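Engineer: Chain by chain, the residues run as shown.
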Amino acid sequence: MKVALFATCLVDTLTPQVARATAVLLQRLGHEVVVPPTQACCGQMHVNTGYRREAVPIVANHVRAFAGAEAIVAPSGSCVASIHHQQADVARRAGEHRLADDAAELAGRTYELSQFLVDVLGVTDVGAYYPHRVTYHPTCHSLRLLRVGDRPLQLLRAVRGLELVELPGAEQCCGFGGTFAVKNADTSTAMLTDKMANVLSTHAEVCTAGDASCLLHIGGGLSRLKAGTRTVHLAEILASTEEAVTPDQTTRPAMSV
Amino acid sequence: MSAREDVLGRIRQALGPDRTTPAEVVRDYRLTDGRPPGDPALLDLLVDRVEDYRATVLRCAPEEIGATVAAALDQGLGAGWATRDVVVAPGLPAEWRPTGSDVDDDRPPVQLAARSAAVTAVAVAIAETGTLVLDGSPACGRRALSLLPDCLVCVVLADQVAGSVPEALARLDPLRPLTMVSGPSATSDIELQRVEGVHGPRTLLVVLVG
Amino acid sequence: MTAVDLGMPGLPTAPRGVGHLRGDEPFPDAARTALRNGQQRANLGHATTTIRNKRARVVAELPDWAQLREAGRALKAATMARLDDHLEELERQVTAHGGTVHWARDANEANEIVTRLVQATGATEVVKVKSMATQEIGLNEALEAAGLDVFETDLAELIVQLGEDKPSHILVPAIHKNRAEIREIFARTIPGVDPGLTDDPRQLAMAARAHLRERFLRARVAVSGANFGVAETGTLCVVESEGNGRMCLTLPDTLITVMGIEKVVPTWRDLEVFLQLLPRSSTGERMNPYTSTWAGVTPGDGPQEFHLVLLDNGRTAVLADEVGREALHCIRCSACLNVCPVYERTGGHAYGSVYPGPIGAILSPQLTGVEDNASLPYASSLCGACYDVCPVAIDIPKILVHLRGEHVEAQTRLTPEAAAFRALSAAMSRPWLWHLTQRASRLGRLLARGKPTLPRVLPPPASGWTRSRDLPTPPTSTFVESWTREHGR
Numbered sequence: 707m708k709v710a711l712f713a714t715c716l717v718d719t720l721t722p723q724v725a726r727a728t729a730v731l732l733q734r735l736g737h738e739v740v741v742p743p744t745q746a747c748c749g750q751m752h753v754n755t756g757y758r759r760e761a762v763p764i765v766a767n768h769v770r771a772f773a774g775a776e777a778i779v780a781p782s783g784s785c786v787a788s789i790h791h792q793q794a795d796v797a798r799r800a801g802e803h804r805l806a807d808d809a810a811e812l813a814g815r816t817y818e819l820s821q822f823l824v825d826v827l828g829v830t831d832v833g834a835y836y837p838h839r840v841t842y843h844p845t846c847h848s849l850r851l852l853r854v855g856d857r858p859l860q861l862l863r864a865v866r867g868l869e870l871v872e873l874p875g876a877e878q879c880c881g882f883g884g885t886f887a888v889k890n891a892d893t894s895t896a897m898l899t900d901k902m903a904n905v906l907s908t909h910a911e912v913c914t915a916g917d918a919s920c921l922l923h924i925g926g927g928l929s930r931l932k933a934g935t936r937t938v939h940l941a942e943i944l945a946s947t948e949e950a951v952t953p954d955q956t957t958r959p960a961m962s963v
Numbered sequence: 096m097s098a099r100e101d102v103l104g105r106i107r108q109a110l111g112p113d114r115t116t117p118a119e120v121v122r123d124y125r126l127t128d129g130r131p132p133g134d135p136a137l138l139d140l141l142v143d144r145v146e147d148y149r150a151t152v153l154r155c156a157p158e159e160i161g162a163t164v165a166a167a168l169d170q171g172l173g174a175g176w177a178t179r180d181v182v183v184a185p186g187l188p189a190e191w192r193p194t195g196s197d198v199d200d201d202r203p204p205v206q207l208a209a210r211s212a213a214v215t216a217v218a219v220a221i222a223e224t225g226t227l228v229l230d231g232s233p234a235c236g237r238r239a240l241s242l243l244p245d246c247l248v249c250v251v252l253a254d255q256v257a258g259s260v261p262e263a264l265a266r267l268d269p270l271r272p273l274t275m276v277s278g279p280s281a282t283s284d285i286e287l288q289r290v291e292g293v294h295g296p297r298t299l300l301v302v303l304v305g
Numbered sequence: 003m004t005a006v007d008l009g010m011p012g013l014p015t016a017p018r019g020v021g022h023l024r025g026d027e028p029f030p031d032a033a034r035t036a037l038r039n040g041q042q043r044a045n046l047g048h049a050t051t052t053i054r055n056k057r058a059r060v061v062a063e064l065p066d067w068a069q070l071r072e073a074g075r076a077l078k079a080a081t082m083a084r085l086d087d088h089l090e091e092l093e094r095q096v097t098a099h100g101g102t103v104h105w106a107r108d109a110n111e112a113n114e115i116v117t118r119l120v121q122a123t124g125a126t127e128v129v130k131v132k133s134m135a136t137q138e139i140g141l142n143e144a145l146e147a148a149g150l151d152v153f154e155t156d157l158a159e160l161i162v163q164l165g166e167d168k169p170s171h172i173l174v175p176a177i178h179k180n181r182a183e184i185r186e187i188f189a190r191t192i193p194g195v196d197p198g199l200t201d202d203p204r205q206l207a208m209a210a211r212a213h214l215r216e217r218f219l220r221a222r223v224a225v226s227g228a229n230f231g232v233a234e235t236g237t238l239c240v241v242e243s244e245g246n247g248r249m250c251l252t253l254p255d256t257l258i259t260v261m262g263i264e265k266v267v268p269t270w271r272d273l274e275v276f277l278q279l280l281p282r283s284s285t286g287e288r289m290n291p292y293t294s295t296w297a298g299v300t301p302g303d304g305p306q307e308f309h310l311v312l313l314d315n316g317r318t319a320v321l322a323d324e325v326g327r328e329a330l331h332c333i334r335c336s337a338c339l340n341v342c343p344v345y346e347r348t349g350g351h352a353y354g355s356v357y358p359g360p361i362g363a364i365l366s367p368q369l370t371g372v373e374d375n376a377s378l379p380y381a382s383s384l385c386g387a388c389y390d391v392c393p394v395a396i397d398i399p400k401i402l403v404h405l406r407g408e409h410v411e412a413q414t415r416l417t418p419e420a421a422a423f424r425a426l427s428a429a430m431s432r433p434w435l436w437h438l439t440q441r442a443s444r445l446g447r448l449l450a451r452g453k454p455t456l457p458r459v460l461p462p463p464a465s466g467w468t469r470s471r472d473l474p475t476p477p478t479s480t481f482v483e484s485w486t487r488e489h490g491r
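Protein sequence lines correspond, in order, to chains E, B and U.
Under our numbering, the first residue of the first sequence carries the number 707, and numbering increases by one thereafter.
Under our numbering, the first residue of the second sequence carries the number 96, and numbering increases by one thereafter.
Under our numbering, the first residue of the third sequence carries the number 3, and numbering increases by one thereafter.
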């Protein structure tokens, strides 16, 4: 299958290794990966902060960039949820009905990584090897907007060498929430503290999730505390093999891509 | 313009000239429990649910109601209670009443607070939720009767036990003053921990017939 | 008055200077203070965890919960679409059964009506059933200003009233207090209380019972709210636990019920849905201990004078918003508060309104006009837990986002934030400019001086992040850039 990869603005800019891992994984599974060079953002941050008018040209750019793609995959539950639940709405509200229809149509072919692997490709064992103790945080938008359910866990359970440990209070938000993390920094930090306490209680080496944004938040907190646990995106774990495992896979930007 | 006209006018303005016609409400939830009222399994369910509220259930045959009411009062008030301390609904069948008990009349309701226990019938019971419904009929008595005495004994007949909330509501008259009772009065206001017994009767005893 | 085109001047919102819908400070500031209250956070964490688990257990028990929830949503939507007709029918039926119906445009008018009705009885004391509507309009303060003594009879409301505190939860207004704190309040404020009073919840409940019993027995006037008002029969419904509601609804000569206009339901049968949804969602019980219904006046049973006050106070302004009007579907179960990670940590006072938590964050700004509560729609991480538990499926996150949009679009001057978002929008919709912007972000590498993270001390708004979390140093190249370099266009 020819898969168009939507890196998302945050991954592309701050954690490019997550998009790289997604591409590597899909290629290893025998699919052709294309990366439309004019892609930028889904518009979620604008919509969720109240700038829905300003989001419309961003949505238009996204629709232009991915026009004609057979399947679009993004390593982010949150961005895919926005594509599914917000893009057409903001376009329609602005009177851009043609754009709204196109966005809705494109949304129908857009998948979050774990959904794409399990539902579209029908694989749970992607042939990965990851010899670490890992706990999984189900991000809110994956969990409640996309309903990815236990698909990420199915994928993780099939990874060789990986010891999966259950995260207490897993379904509680980590406190990221986009601009919430800055506008309500204190409350966000209080939520983060509890999430980190739960993560640390597992004694996992790695906390993983399907959203780089939430991992940036949890990882930023753990890093500030000088905690040993690091955050690694699900795509990076699934992309890892015996040959390619590196000692320091984290969502901190790799110095070379 | 009156407040009435003003508020109604605002509603019409809010909804606009071409308000959307609402879609038909689909009632595809369970309308009945599937078991007829009085089904033995429903009676067992009612007992389970009522006891879960820390109320007491005494089961008996139809001819044992009077004796069982007395036994319930023994439990609720302790042996040796005075029949004058027990007030019963005016329409309660004579054979259910403890001999010599006080029959409620049109006295000021606050006087009922001086009585230790009340005995009433019910209009309907709901097995799934462990609820008794009193409807202000002579057998159930006025609302104050089942409220002020600290111990309440309710007699439930088998065919009054409906399975579900929809079945029970369909059997009730919405123009009567209804009281749905699910266990003794309770509060969860302190640390969301349920504590039985606040302003309403602290003891609820159910005599289930059949 | 006939229907008026939308686009006419907005409908009146709840007036300022009366009632409790507006806080003294924005949510982030109030939250900062609240978050430091470790005791409150412990109390809230304990209580919300308890109730969350209870709710989940009894909801899972019903095989048709999803169908009931959808029916509840549809019933509310259908009711709002014909709200005027249903209210007129309710008025007809209540009147036909011996009650008197009053209409109040806002809090001031409702307070005047109730005060006048109480004064007409000659009573100087009023007993009250816990009611969100009367808290919203500040009725207690209005009655007290008229020289009347007001007694809250719900245990939690009593704790709040005796502690000279404010309610912090829709269902359990004293949820922020633990048993030891409640014991202290009772020991200090209840005259003649047993000096040996312990913090056992049962003992505390008994102390409240003893304190209020005399008041119930001598009360001549009661004020209540209503959970539901059935249009076709004129039946009012109050759902409660302690029996204080029954005392107020049954013993006094006069009953005055203040009901928001959105609480009407068309038919008696509709209660078969709501009486299943509400108790399981609110206290996590299969059924609450007591539900009372009455239609007008019943000779020989209960109050012989009944007044129903129908309250607008901004509700019609909410109704005018096609997206936001769903907030009027709320049945005040408070399940959304109990699952909200923000509420659990900040508590209810931080919201500044009697309606806290997720539902408050969409209801309060709409009742007052969004600019009077502009920080509330942002008081959420949009995690969506509230929508999942809402028994009438109010899409709270969607309305939060909608109200953020309303707030942004209400600004007449360009804020720095708006300027930044506009610039970012311009960049994110033009690939060449976006790539330039991404490259510019690499200037952050200079700040990092070769370290994997940026310095902690950055200017706002970045400081909001870096005060408590590290921010990674931007990489040398974006993914799209390097991929395109490797693979060509």
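What the hints contain is simulated information worked out from the structure, not anything from laboratory work.
Mixed in with the good hints there might be a few duds.
Below, a list of computed lysine to aspartate or glutamate pairs in the DMTMM-like style, where the Cα atoms sit at most 25 Å apart [stated by the list, open to error]:
hint	chain 1	residue 1	chain 2	residue 2
1	U	K56	U	D66
2	U	K56	E	D900
3	E	K708	U	E483
4	U	K168	U	D26
What the simulated footprint calls covered on chain B by chain U, stretch by stretch (three residues with Cβ under 8 Å from a Cβ of chain U suffice, anywhere in the stretch; the number is not a length) [said to hold, decoys possible]:
hint	segment
5	149-163
6	192-201
7	272-278
8	289-298
Since the model is a prediction, treat every value here as computed from it, not as a measurement.
Beta carbons: idealized from backbone N, C-alpha and C, even for Gly.
Engineer: For each hint, tell me whether it holds in the structure or not.
Structural biologist: Here's how the hints hold up against the structure:
1. U/K56 to U/D66: holds, 18 Å
2. U/K56 to E/D900: holds, 22 Å
3. E/K708 to U/E483: holds, 20 Å
4. U/K168 to U/D26: Status holds; Cα separation ~13 Å.
5. 149-163: violated (count 0)
6. 192-201: Violated: only 1 residues of the segment 192-201 of chain B have a Cβ under 8 Å from chain U.
7. 272-278: With 7 residues closer than 8 Å to chain U, the segment 272-278 of chain B meets the three-residue bar; holds.
8. 289-298: holds (count 7)
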